[in-house]
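Residue numbers for the sequence shown, in my numbering: 31 to 184.
Bear in mind the hints are in silico, worked out from the structure with no lab data behind them.
All C-beta atoms, glycine included, are put in the ideal place defined by N, C-alpha and C.
Do not rely on the hints blindly, as some may be mistaken.
Between beta-carbon pairs, the in silico distance windows are [what the hints assert, rightly or not]:
1. His93 x Leu147: 26 to 36 Å
2. Thr155 x Thr96: 25 to 35 Å
3. His93 x Glu164: 25 to 35 Å
4. Glu164 x Ala126: 52 to 62 Å
5. Pro161 x Ala78: 26 to 36 Å
6. Pro161 x Pro128: 43 to 53 Å
7. Gln70 x Gly102: 46 to 56 Å
8. Ala105 x Trp130: 26 to 36 Å
9. Arg77 x Gly97: 22 to 32 Å
10. Leu127 x Leu106: 26 to 36 Å
11. Ala69 x Arg171: 28 to 38 Å
12. Ala126 x Asp89: 50 to 60 Å
13. Ala69 x His93: 28 to 38 Å
14. Lys157 x Pro59: 55 to 65 Å
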Amino acid sequence: MREDGPVTAGAHRHDYGHAPGFDGPRREPGTGELVKQAAQQVSELMRAELRLAVAELKDKGRHAGTGAGMFGGAALVALYGVAVLLAAVVAAIAVALPVWAAALIVGGFLMLVAGVLAMMGRSQTRKATPPKPEQAMDGARQTVAELKERATHR
31 MREDGPVTAG AHRHDYGHAP GFDGPRREPG TGELVKQAAQ QVSELMRAEL RLAVAELKDK
91 GRHAGTGAGM FGGAALVALY GVAVLLAAVV AAIAVALPVW AAALIVGGFL MLVAGVLAMM
151 GRSQTRKATP PKPEQAMDGA RQTVAELKER ATHR
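With the hints as constraints, model all of the structure from the sequences given.
The following block contains the structure:
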């Protein structure tokens with residue numbers, strides 16, 4: 031036995047008028063504090079979602095870039111293939127006609143196809159100008175006008 035009292039293994043000094051781990055009645059947060067916490071949590075959630083979206087877009091962008099490069103390579107190889115096929119067409123026609131006439135026929139046909147495609151492209155381009163979302167802008171203008179009207183009637 032020690033001079034300051036008996037020693038018991040694992041014994042702790044407790045304030046017997048107070049339960050361990052209990053600091054009295056808990057104060058419930060007020061409405062303002064709850065709103066503040068909710069706003070912080072929503073803000074944190076939005077930041078996390080934004081980080082996820084950025085990471086996802088980077089990954090998709092990387093895949094899109096790789097895919098675009100592969101499409102470019104495929105287009106180049108296809109262009110060489112078409113050139114070889116056109117040479118074969120010229121050679122086939124050259125069996126019946128002189129080589130210069132066969133090349134002129136194939137070249138003229140290709141120019142005709144190019145002209146038709148150019149006219150179709152010009153038609154599509156005219157439908158795309160001016161490059162602004164006119165229907166969406168009209169809808170936004172109508173919404174703003176309606177909101178202004180409702181605000182003045184209150």
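Structure-based check of each hint:
no.	hint	result
1	His93 x Leu147: 26 to 36 Å	holds, 30 Å
2	Thr155 x Thr96: 25 to 35 Å	holds, 29 Å
3	His93 x Glu164: 25 to 35 Å	holds, 33 Å
4	Glu164 x Ala126: 52 to 62 Å	holds, 55 Å
5	Pro161 x Ala78: 26 to 36 Å	holds, 35 Å
6	Pro161 x Pro128: 43 to 53 Å	holds, 50 Å
7	Gln70 x Gly102: 46 to 56 Å	holds, 47 Å
8	Ala105 x Trp130: 26 to 36 Å	holds, 30 Å
9	Arg77 x Gly97: 22 to 32 Å	holds, 30 Å
10	Leu127 x Leu106: 26 to 36 Å	holds, 31 Å
11	Ala69 x Arg171: 28 to 38 Å	holds, 32 Å
12	Ala126 x Asp89: 50 to 60 Å	holds, 57 Å
13	Ala69 x His93: 28 to 38 Å	holds, 36 Å
14	Lys157 x Pro59: 55 to 65 Å	holds, 58 Å
The structure shown violates none of the earlier numbered hints.
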